[in-house]
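Protein chains: 2
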Amino acid sequence: MTNIRKIAKLAGVSVSTVSRVLNDHPYVKEEKRRQVLAAVNELNYIKNANAVHLSKGKTNCIGVVLPFLNLPYFGEILQGIAGEALKHGYHLQIFQTDYEKEAELDAFHRLQMKEVDGLIVTSRSNSIDTLGTIMDGLNVVFCENLYEVEKKVYINHYEAIRAGMDHLYSKGHSRIGLCLHRTFGTNSEERMRGFYDSAEVAGHEVREEWIFNECLHLQDGRDVFHQWEALKDKPSALIVTSDQVSAGIVSAARREGIDIPGELAILSFDNHPLADALDITSFEVPIRKMGEEAFKLFIEDVPSSPVILETSLYTRGTV
Amino acid sequence: MTNIRKIAKLAGVSVSTVSRVLNDHPYVKEEKRRQVLAAVNELNYIKNANAVHLSKGKTNCIGVVLPFLNLPYFGEILQGIAGEALKHGYHLQIFQTDYEKEAELDAFHRLQMKEVDGLIVTSRSNSIDTLGTIMDGLNVVFCENLYEVEKKVYINHYEAIRAGMDHLYSKGHSRIGLCLHRTFGTNSEERMRGFYDSAEVAGHEVREEWIFNECLHLQDGRDVFHQWEALKDKPSALIVTSDQVSAGIVSAARREGIDIPGELAILSFDNHPLADALDITSFEVPIRKMGEEAFKLFIEDVPSSPVILETSLYTRGTV
DNA sequence: ATAATTTGTGAAACGCGTTTCAGAGCAAGC
DNA sequence: GCTTGCTCTGAAACGCGTTTCACAAATTAT
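If you're matching them up, the sequences are chains B and D in order.
When we follow our numbering, the leftmost residue of the first sequence carries the number 22, and every step to the right adds one.
When we follow our numbering, the leftmost residue of the second sequence carries the number 22, and every step to the right adds one.
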């Protein structure tokens, strides 16, 4: 392999000069610059990125921790991060966890090893205590409202859910169910808190069996619908935290001839194009923006205050 | 920073021995092994990944070249690659190109610089001539039927389209349109070839304005529908290469009261859950499998023959 | 008991670009 | 004429883990 020293020899200069030329440093005589470039050309020299990384102590690569790649939610976050990263000359490394703690820890371990310059954690499984010790002094951004960390960007889920509940109340609903991605994790907890707080204030009953968990994919929506159908005591409305799942519910309901919103109202989240296509009332959630902001937090040396993003309702035909 | 030499000093051994311990090489006395591990523990030593990469000449990281991150198609490929990569201890680096040639070339440049050990190109903009010169001797897998490369995995689009056309003929359609992601690129060309070949053999007319291009997102499907509506001379069926786009067409049509398949039949591709939800007839396309196979090709030293994946039709209510 | 292995270990070289430091050459300022 | 102050260069150190090679020590085989 041809390296910088061979270039130096052929060009008749020192390695420092070669390095200077290659990095556009000033203070190199035009003549030497040409000699170096000629040598680079002749020997087909290509820099070794790993040597640069080692020497510079950074890789210009940021890791993104996410559970799944085939959900629109994470695709959209990635898109946001990638767009911003591109502007700053950063690359993305993906740490897909499937919500497995080991895989998640591996990402942090890679960060410790300087394989990436930082991490954006879009969703997490390990406790913050576990992570806290290994991320000490490292550049990590969380997409949730974690009290303990300084770099964070998150959706105001609490208020969004409360606004959603109010909207449903205004339409006369008092028996409301909730359909969640999962029950643990800050974001889900915030949603649940908003849900229960609102119901309590309004004095409405909430039944355990009206809370549906592990709703990720469109198919899960279908399952939820069938569970709903089987309930003796049915809620008249569901707040669903993803348009994919809502699409499953709504399409299953329409197929079964259940009137929406007459028999079951659906208030969804994301405002994905799918919601528009299926005429689903949905909260717009600025997911891509969250990705962008996450990256911005990452590159900041002195972290600005946490970024809180708000949602806004798009009323359509399911409520 | 604490490095391997400090460990060696503290443990009273040579750096080679430390390296051996850290890499589970045999031929290390149990006592020295313990000394080394104690030192590692005491100094909180963590390996520098970049030094390993430089030294080993590889990074255990594979690059994935793709245009967009927020399309289910690419999310699914990624999922396939990531799953297989995990099994082999590889990580993923993302090169999002937006179909810009420069961004795509950058990915190849990174490969040359040994920042990644190989590339999986899911979709491409540069000509193969351009890429051919810079990927010489490098490990690159293409997801298309490129004559010039040895590592490739692709869907048999030609046959899929022909089968789709036959299916439409059998339902009495002779005026058929096509809705494509784009018109260039091997995969799209294969689809178009299948389309035109089939029409020619069947003796059916094909009109220029029945070919819709740049159909990527759900919204694009809506636009296509409105374009279709505006046509004086309408095709009675459309082959649509993505369920997202079909969803846009179908939902717009239903909203406008256009009967599907009575006035317009839709034959889609992907068999995404969405197709099921909207009762769209669709070809199952093993996209995830393609990702898995792509990675398998990547790790092979002597490339096996190209992997060709077939589609299979799921008939539902839109044809 | 001697030869042939196997086990165990360290020095040094290797992979390779960046950066600091010291110093030389040269022009502008007083 | 002499001092600042640039401009330009190269030697050497730095970042750091892996691997080869030579050799000693401990076994096993003959």
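In short, the hints are calculated from the structure, not lab data.
Among the hints, erroneous ones may be present.
A pair counts as met if it fits within one copy or between any two copies, since identical chains are not told apart.
BS3-like cross-link-like pairs, simulated, lysine-lysine; straight-line CA separation at most 30 Å [stated by the list, open to error]:
hint: 1; residue 1: Lys317; residue 2: Lys122
hint: 2; residue 1: Lys122; residue 2: Lys68
hint: 3; residue 1: Lys310; residue 2: Lys79
hint: 4; residue 1: Lys30; residue 2: Lys255
hint: 5; residue 1: Lys122; residue 2: Lys192
hint: 6; residue 1: Lys192; residue 2: Lys68
hint: 7; residue 1: Lys253; residue 2: Lys108
hint: 8; residue 1: Lys27; residue 2: Lys50
hint: 9; residue 1: Lys192; residue 2: Lys79
hint: 10; residue 1: Lys30; residue 2: Lys253
hint: 11; residue 1: Lys30; residue 2: Lys77
hint: 12; residue 1: Lys108; residue 2: Lys310
hint: 13; residue 1: Lys53; residue 2: Lys317
hint: 14; residue 1: Lys255; residue 2: Lys50
Hints, one by one, checked against the model:
1. In this assembly of identical chains, Lys317 and Lys122 lie within 30 Å of each other by CA distance both inside one copy and across copies; the values are 26 Å within and 26 Å between.
2. Taking the closest pair of Cα atoms, Lys122 and Lys68 come within 30 Å of each other only across two copies (21 Å); inside a single copy the shortest separation is 36 Å, beyond that limit.
3. Only within a single protomer do Lys310 and Lys79 lie at most 30 Å apart by alpha-carbon distance; the minimum there is 26 Å, versus 35 Å between protomers.
4. Taking the closest pair of Cα atoms, Lys30 and Lys255 never come within 30 Å of each other, the shortest separation being 81 Å inside a single copy and 70 Å across copies.
5. For a Cα distance limit of 30 Å, the shortest separation of Lys122 from Lys192 qualifies neither inside one copy, at 42 Å, nor across copies, at 52 Å.
6. For the identical chains of this complex, Lys192 and Lys68 are neighbours neither inside a copy (64 Å) nor across copies (60 Å), given an alpha-carbon limit of 30 Å.
7. Proximity of Lys253 and Lys108 under a CA criterion of 30 Å is satisfied in neither setting, with 55 Å inside one chain copy and 46 Å between copies.
8. For the homomeric pair Lys27 and Lys50, the shortest alpha-carbon distance inside one copy (20 Å) is at most 30 Å, but the shortest distance between copies (41 Å) is not.
9. Taking the closest pair of Cα atoms, Lys192 and Lys79 never come within 30 Å of each other, the shortest separation being 55 Å inside a single copy and 61 Å across copies.
10. Taking the closest pair of Cα atoms, Lys30 and Lys253 never come within 30 Å of each other, the shortest separation being 84 Å inside a single copy and 72 Å across copies.
11. Proximity of Lys30 and Lys77 under a CA criterion of 30 Å is satisfied in both settings, with 24 Å inside one chain copy and 25 Å between copies.
12. In this assembly of identical chains, Lys108 and Lys310 lie within 30 Å of each other by CA distance solely inside one copy; the values are 15 Å within and 33 Å between copies.
13. Taking the closest pair of Cα atoms, Lys53 and Lys317 never come within 30 Å of each other, the shortest separation being 39 Å inside a single copy and 47 Å across copies.
14. In this homomeric assembly, Lys255 and Lys50 never come within 30 Å of each other (Cα to Cα): the closest approach is 81 Å inside a single copy and 69 Å across copies.
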